[in-house]
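Chains as they are written, first to last, in the working numbering: chain A, 1 to 113; chain B, 1 to 113.
Just so you know, the hints here were simulated from the structure itself, not pulled from any lab data. Note that the structure is predicted; figures quoted are calculated from it, not measured. Glycine residues also receive a C-beta, built at the ideal position from the N, C-alpha and C atoms. One or more of the hints may lead you astray.
What the hints assert, rightly or not - Just some of the chain B residues that point at chain A, by a computed CB distance under 8 Å:
| no. | residue |
| --- | --- |
| 1 | Q48 |
| 2 | N99 |
| 3 | G105 |
Listed below are the residues making up each chain.
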Amino acid sequence: AQSVSQHNHHVILSEAASLELGCNYSYGGTVNLFWYVQYPGQHLQLLLKYFSGDPLVKGIKGFEAEFIKSKFSFNLRKPSVQWSDTAEYFCAVTQNRDDKIIFGKGTRLHILP
Amino acid sequence: DAGVTQSPTHLIKTRGQQVTLRCSPKSGHDTVSWYQQALGQGPQFIFQYYEEEERQRGNFPDRFSGHQFPNYSSELNVNALLLGDSALYLCASSLWQGNEKLFFGSGTQLSVL
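For reference, chain A alone in the conformation it holds in the complex (with noise of 0.2 Å):
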């Protein structure tokens, strides 16, 4: 069965330094990727999503992540974050476009003004 492994369950970063969320998944085929975040108060979003192509995907608002799959890894990064990015960051998983998504148990990132 398919599981996400999220490393950080809470970071805590100052204003303009840099971000990098470790995830990690457990299945061998074709994935599907995706990190969504959920701002305090909002519903979850989707930040950027891996299908094919490019494993350096662009995201909203600066974030990046890359996909290496001889790590089976998919990490969300940003050079320099913003108090407002303070939110909770979830790693998913799916095989295809009509199949479930499975999340990671996310990271809550708290960043100090």
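The hints should help you fit chain B onto chain A, whose structure is shown.
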């Protein structure tokens, strides 16, 4: 353009009772998925409905059941509530075979006492 709407926003029940949660998908969407998000965990897939039929199901007992109506709205029913059913229940909508564009509602917070 209305997004995904869920009702009620909060609900308190006692053990053994039954509960019904409701979801209206984003305009134009025909597929509804339900997720359970326990405290400190990522969303877990319950089931998905398309054309008024359950198409996929996660690892949840038969106490969890659902329905989709001709207007694509959906209900989640949970019978014989347990304390462990306390969670945020999320509804997500998409087009069929289009989980790359999944839109989430804000959820129903269910507390079982």
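Verification of the hints:
no., hint, verdict
1, Q48, "holds (7 Å)"
2, N99, "holds (6 Å)"
3, G105, "holds (6 Å)"
Of the hints listed earlier, there is not a single one the structure fails to meet.
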